[in-house]
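There are 2 protein chains.
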Amino acid sequence: MTGDAGAEPVVHFYFDFISPFGYLASLRIDELAARHGYRTQWHSFLTGVTIMKVMGLPPVPKTPLKSAYAQRDARRYCRRHGIELGRAFGQEPANPLPAGRIFHWLRAHRPDTAKPVARNLFHAYWIEDRDIGDLDVALGCAQAGGADIADLRAALDDGSAAALLREATDDAVAKGVFGSPFFRVGDEPFFGVEKMELLEEWLQQGPW
Amino acid sequence: MTGDAGAEPVVHFYFDFISPFGYLASLRIDELAARHGYRTQWHSFLTGVTIMKVMGLPPVPKTPLKSAYAQRDARRYCRRHGIELGRAFGQEPANPLPAGRIFHWLRAHRPDTAKPVARNLFHAYWIEDRDIGDLDVALGCAQAGGADIADLRAALDDGSAAALLREATDDAVAKGVFGSPFFRVGDEPFFGVEKMELLEEWLQQGPW
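Residue numbers (the numbering used here), protein chains in the order written: chain A, -6 to 201; chain B, -6 to 201.
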């Protein structure tokens, strides 16, 4: 089966670097899509905009009941999948702007490096517990992924990388994206890591 | 496998009668649990308390982005499972108090009728599009499920049914329950209809 479920065989994957479930989804989505002849397009966005500004909600770690549940659910997921996060829950999140800006500038201008760099950023934050909100840490992840640091510094300084992240977040909202991870096949939306099995059914048997 | 995942082989199923995904879960949960040697204990509660008062959030139908997603997700679920809801989304919900009070009074005093009556209430609301917030409609569902209407009227009049629903909702909050459906095996929580596959894995292979 290849691509029958959407206009083109692409799974759009939306995530925030500071979202634990976004990271966990990033470890599976490409392989899941490839099994059914789909490629993936990755989009970082800011849950600080979608959840807090557009939806008017507090972030999950500050939501009574849901906060404790989400932490427990993430730990259970990690045990099931044999993943050991290096970052403890309950800490203040990093500033997500450097990572998101770097990712979107690379996606626009050095597309072959965008996904490796995104993986480095995710890994640095969730496994190595490094502060990817620190520009030098984020640029180090970029460099290790093959990006040219001088180009990136210029794009971060002149605001063009920031503009790309803003546009990407606006576009995510326009497509109905709110939380991380979020997946889209054509205009069919799937929210949450627990929808990945349904997403796979959709790729294989959908649309229904 | 019978009962290894919890202190006793019981799946606790929490729902609000006015929650579409609560209804959809009610159609599967008993069979799912029975496949693994578990019985179910049903608990109705009020999402108006957990979501709005305890969590401080708006109800899903009034949450930007999530409202449209949840409707679409419910329709997709229904198509996949061959269910045709009689009630259109986007309407004002019924008053959930009569159904919840009736259910909890029956559970406490006529336990053999509680689940059949709950199924009647769910069916009346979600398939027949009847107003179960209307006391006569709700009592009709109770009567059709084998309950004695005179007993129920007395318990509704003297406040004892209302007290049971309040206690049940407080107990749900104390157990970390926030949305509908919610499942609990021992102290292991599962939120949402999309967690039913994971719940089944847990019954079969858990705890992990």
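Among the hints, a few may not be true.
Which copy? The list can't say, so a pair holds if one copy fits it or any two copies do.
Stated by the list, open to error - Below are the DSS-like pairs computed for lysine-lysine, each with C-alpha atoms no more than 27 Å apart in a straight line:
id, residue 1, residue 2
1, LYS108, LYS55
2, LYS55, LYS188
3, LYS188, LYS108
4, LYS188, LYS168
5, LYS46, LYS168
6, LYS168, LYS55
Derived by calculation from the structure, the hints in this document are not laboratory data.
For each hint, the structure was consulted:
{"no.": "1", "hint": "LYS108 / LYS55", "in the structure": "neither (30 Å within a copy, 36 Å between copies)"}
{"no.": "2", "hint": "LYS55 / LYS188", "in the structure": "both (24 Å within a copy, 23 Å between copies)"}
{"no.": "3", "hint": "LYS188 / LYS108", "in the structure": "within (22 Å within a copy, 29 Å between copies)"}
{"no.": "4", "hint": "LYS188 / LYS168", "in the structure": "both (18 Å within a copy, 25 Å between copies)"}
{"no.": "5", "hint": "LYS46 / LYS168", "in the structure": "within (16 Å within a copy, 30 Å between copies)"}
{"no.": "6", "hint": "LYS168 / LYS55", "in the structure": "both (26 Å within a copy, 18 Å between copies)"}
Checked against the numbered hints given earlier, the structure breaks only hint 1 and satisfies all the rest.
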